[in-house]
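A.B. asks: These are the residues of each chain, in order.
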Amino acid sequence: GAVVSQHPSWVICKSGTSVKIECRSLDFQATTMFWYRQFPKQSLMLMATSNEGSKATYEQGVEKDKFLINHASLTLSTLTVTSAHPEDSSFYICSARGEWGGGTEAFFGQGTRLTVV
Amino acid sequence: LAKTTQPISMDSYEGQEVNITCSHNNIATNDYITWYQQFPSQGPRFIIQGYKTKVTNEVASLFIPADRKSSTLSLPRVSLSDTAVYYCLVVNSGYSTLTFGKGTMLLVSP
Chain A
1 GAVVSQHPSW
11 VICKSGTSVK
21 IECRSLDFQA
31 TTMFWYRQFP
41 KQSLMLMATS
51 NEGSKATYEQ
61 GVEKDKFLIN
71 HASLTLSTLT
81 VTSAHPEDSS
91 FYICSARGEW
101 GGGTEAFFGQ
111 GTRLTVV
Chain B
1 LAKTTQPISM
11 DSYEGQEVNI
21 TCSHNNIATN
31 DYITWYQQFP
41 SQGPRFIIQG
51 YKTKVTNEVA
61 SLFIPADRKS
71 STLSLPRVSL
81 SDTAVYYCLV
91 VNSGYSTLTF
101 GKGTMLLVSP
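Chains as they are written, first to last, in our numbering: chain A, 1 to 117; chain B, 1 to 110.
Incorrect hints may appear among the rest.
Okay, derived cross-link-like pairs now, SDA-like style, lysine to any residue, Cα gap no bigger than 20 Å in a straight line [stated by the list, open to error]:
id: 1; chain 1: A; residue 1: K41; chain 2: B; residue 2: I8
id: 2; chain 1: A; residue 1: K55; chain 2: B; residue 2: G94
id: 3; chain 1: B; residue 1: K102; chain 2: A; residue 2: F91
id: 4; chain 1: A; residue 1: K66; chain 2: A; residue 2: S83
id: 5; chain 1: A; residue 1: K41; chain 2: B; residue 2: F100
id: 6; chain 1: B; residue 1: K102; chain 2: A; residue 2: Q42
id: 7; chain 1: A; residue 1: K41; chain 2: B; residue 2: T83
id: 8; chain 1: B; residue 1: K3; chain 2: A; residue 2: E59
id: 9; chain 1: A; residue 1: K20; chain 2: A; residue 2: A72
id: 10; chain 1: B; residue 1: K102; chain 2: A; residue 2: L46
id: 11; chain 1: B; residue 1: K102; chain 2: A; residue 2: Q38
id: 12; chain 1: B; residue 1: K3; chain 2: A; residue 2: Q42
id: 13; chain 1: A; residue 1: K64; chain 2: B; residue 2: S96
id: 14; chain 1: A; residue 1: K64; chain 2: B; residue 2: T99
id: 15; chain 1: A; residue 1: K20; chain 2: B; residue 2: Q42
id: 16; chain 1: A; residue 1: K41; chain 2: B; residue 2: M105
id: 17; chain 1: A; residue 1: K41; chain 2: B; residue 2: P7
id: 18; chain 1: B; residue 1: K102; chain 2: A; residue 2: M45
id: 19; chain 1: B; residue 1: K69; chain 2: B; residue 2: I20
id: 20; chain 1: A; residue 1: K41; chain 2: B; residue 2: P40
id: 21; chain 1: A; residue 1: K55; chain 2: B; residue 2: T97
id: 22; chain 1: A; residue 1: K41; chain 2: B; residue 2: K102
id: 23; chain 1: A; residue 1: K41; chain 2: B; residue 2: S81
id: 24; chain 1: A; residue 1: K41; chain 2: B; residue 2: T5
id: 25; chain 1: A; residue 1: K41; chain 2: A; residue 2: P86
id: 26; chain 1: B; residue 1: K69; chain 2: B; residue 2: K102
id: 27; chain 1: A; residue 1: K41; chain 2: B; residue 2: F39
id: 28; chain 1: A; residue 1: K14; chain 2: A; residue 2: V117
id: 29; chain 1: A; residue 1: K41; chain 2: B; residue 2: V108
id: 30; chain 1: A; residue 1: K41; chain 2: B; residue 2: L107
id: 31; chain 1: B; residue 1: K69; chain 2: B; residue 2: P7
id: 32; chain 1: A; residue 1: K41; chain 2: B; residue 2: G101
Listed below are several chain A residues computed to face chain B (Cβ distance under 7 Å; list not exhaustive) [said to hold, decoys possible]:
id: 33; residue: F34
id: 34; residue: S43
id: 35; residue: L44
id: 36; residue: L46
id: 37; residue: I93
id: 38; residue: E105
id: 39; residue: A106
id: 40; residue: F108
Honestly, the hints are just simulated from the structure, not real lab data.
Keep in mind it's a predicted model, so treat the numbers as computed, not measured.
Glycine residues also receive a C-beta, built at the ideal position from the N, C-alpha and C atoms.
Put together the whole structure using the sequences plus the hints.
C.D. replies: Here it is, written out as structure tokens:
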């Protein structure tokens with residue numbers, strides 16, 4: 001299958017600072033990328049969907065000014081958590097979908113554990 | 001957006017075949033059924049995708065009846081390492097959205 005790389009795998013930041021998470025599709029062009037957050041023992045909650053070169057579409061209840069998503073190229077999307085607070089601590093996961101040699105299904109990054117102290 | 005319903009949890013033993021059924025009564029004509037596996041603190045891993053009848057790959061089979069209102073993921077001869085959460089998703093061909101339900105926690109015991 002195709003490879004999606006997410007960086008960093010974990011990050012600890014101070015309350016009030018901003019954190020950027022990168023998501024890269026390594027061997028295919030990602031026309032669509034999805035960002036999720038996941039709390040312990042819960043399912044993935046879709047935060048936003050982004051298409052290359054377009055503004056992200058945010059799910060209801062997700063603050064677009066707090067969670068800045070940029071999908072500037074067909075292989076890179078970034079999520080910036082601005083003015084992070086302890087309640088933003090969570091597991092953030094990206095997914096990328098595009099055409100690759102085997103098909104068109106979506107693939108996921110390994111996730112980023114964010115801890116805000 | 002087709003909603004999916006799966007059992008919350010299932011238990012099995014090593015070497016057994018496990019079948020996880022997912023219902024998706026509101027599936028649309030251009031929707032596909034996709035299954036993912038997730039281990040703790042990892043991103044989901046694609047298992048299999050199908051539209052109708054039966055699809056098989058090296059790790060699983062997917063059975064979809066003619067009405068497509070349900071599907072069954074079949075894992076042959078499970079091992080301890082198959083303990084994970086399994087998610088059934090209904091995805092439109094354009095992938096305009098990718099929403100997860102609650103998933104099924106499969107526990108495989110020795």
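A.B. asks: Between the alpha carbons of A/K41 and B/T5, is the straight-line distance 20 Å or under?
C.D. replies: holds, 17 Å
A.B. asks: Decide if the proposed pair is consistent with the structure: A/K41 and B/M105, CA atoms, cutoff 20 Å inclusive.
C.D. replies: Status holds; Cα separation ~10 Å.
A.B. asks: Taking only the CA atoms, is the gap from B/K102 to A/Q38 under or equal to 20 Å?
C.D. replies: This hinted pair holds, its Cα atoms lying about 11 Å apart.
A.B. asks: Next pair to validate is A/K41 with B/G101; report whether the Cα-Cα distance is within 20 Å.
C.D. replies: holds, 13 Å
A.B. asks: Once the shortest beta carbon distance from A/L46 to chain B is found, is it less than 7 Å?
C.D. replies: holds, 5 Å
A.B. asks: Given the hinted pair B/K102 and A/L46, is their Cα-Cα distance within 20 Å?
C.D. replies: With a Cα-Cα distance of about 13 Å, the restraint between B/K102 and A/L46 holds, given a limit of 20 Å.
A.B. asks: Straight-line Cα separation of A/K41 and B/K102 no greater than 20 Å?
C.D. replies: holds, 10 Å
A.B. asks: Under the criterion that the straight-line Cα-Cα distance not exceed 20 Å, is the pair A/K41, B/P40 satisfied?
C.D. replies: It holds: about 9 Å lies between the C-alpha atoms, which stays within 20 Å.
A.B. asks: Is the hinted pair B/K102 and A/M45 satisfied, with a Cα-Cα distance of at most 20 Å?
C.D. replies: holds, 10 Å
A.B. asks: For the hint on A/F34, does the least C-beta distance to chain B fall short of 7 Å?
C.D. replies: holds, 5 Å
A.B. asks: For the pair supplied as a hint, A/K41 and B/V108, is the alpha-carbon distance within the 20 Å limit?
C.D. replies: Holds, because 18 Å separates the two Cα atoms, which is no more than 20 Å.
A.B. asks: Mind checking the alpha carbons of A/K41 and B/I8 for me, to see if they're no more than 20 Å apart?
C.D. replies: Cα-Cα ~12 Å, so holds.
Of the numbered hints listed earlier, not one is contradicted by the structure.
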